[in-house]
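Peer 1: Note that the numbering used here numbers the sequence shown so that position 133 is 133, with each residue one more than the last.
Between beta-carbon pairs, the in silico distance windows are:
#	residue 1	residue 2	range
1	S211	P149	18 to 28 Å
2	N115	E51	26 to 36 Å
3	L216	P59	31 to 41 Å
Keep in mind the hints are simulated off the structure, nothing from the lab.
We put the beta carbon where it would ideally sit given N, CA and C, even for glycine.
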Amino acid sequence: MAVDDLLPTEEPVEFRMGGVPIAVLMRTPGNDEELARGFALTEGIILRPDELATVRGLPGREGEGRYELVLAAGVEIDPEQFRRNLYSTSSCGVCGKASIDAVRVASPPLPEGPNIPADLLLRLMESMRGAQSGFDETGGLHAAAAFTPGGDLVGLREDVGRHNAMDKLVGHLSSRRWPLGEMVVTVSGRVSFELVQKAAVAGLSVLAGVSAASSLAVDLADEVGLTVAGFVRPGGFNLYTHPRRIA
1 MAVDDLLPTE EPVEFRMGGV PIAVLMRTPG NDEELARGFA LTEGIILRPD ELATVRGLPG
61 REGEGRYELV LAAGVEIDPE QFRRNLYSTS SCGVCGKASI DAVRVASPPL PEGPNIPADL
121 LLRLMESMRG AQSGFDETGG LHAAAAFTPG GDLVGLREDV GRHNAMDKLV GHLSSRRWPL
181 GEMVVTVSGR VSFELVQKAA VAGLSVLAGV SAASSLAVDL ADEVGLTVAG FVRPGGFNLY
241 THPRRIA
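Modelling step: build the complete structure from the supplied sequences, incorporating the hints.
Peer 2: Structure representation (structure tokens):
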């Protein structure tokens, strides 16, 4: 019996600054302006949201997206230092970096909190899963969600790339506050190095994933003071770094 299957959409998007292409990402279309803002912040291209005046759409062929990142008045950035040698696939956030030395962008001092009970962490993961409408339709989208220390959902974004979902979420939340501060962020897959980097640069202090954390992710989280939990599923989880925030 033949049935129709809804596939997750994956298409390229190009970001430019001063007319210079700085990155081509493979992403799920939607919330592209948030993706651009989050990408610019978490990759250290800009240091604060107000350094970016707007994200302007450019003409492109069907199935493509092109955007110009327009800096605020008085902000000067050399786009050449952020140009990627290769496009970034949906499964890799830092593969296209020109130099591994550019990966570790500076993060602000992370807050001491929040302090949350262990059972809340499990409930937050369930809440994220219940809000993943794109995953329900396709079975192929990652999610990143942010919660208050009391467990209220403040934002969720989905994308075929886990790091894109995080950037869309950061881009969305950065319009309200910066750094993002005492929130808990959950992700639907592995806790990778780039997710820890992006969370730390955004000023977040608790990151939890439904799957494993990589060794480099744990090393970086330990270095910057980020609490990382993995395999957050019914029955328990692994707490890799800075356990003081989880009671």
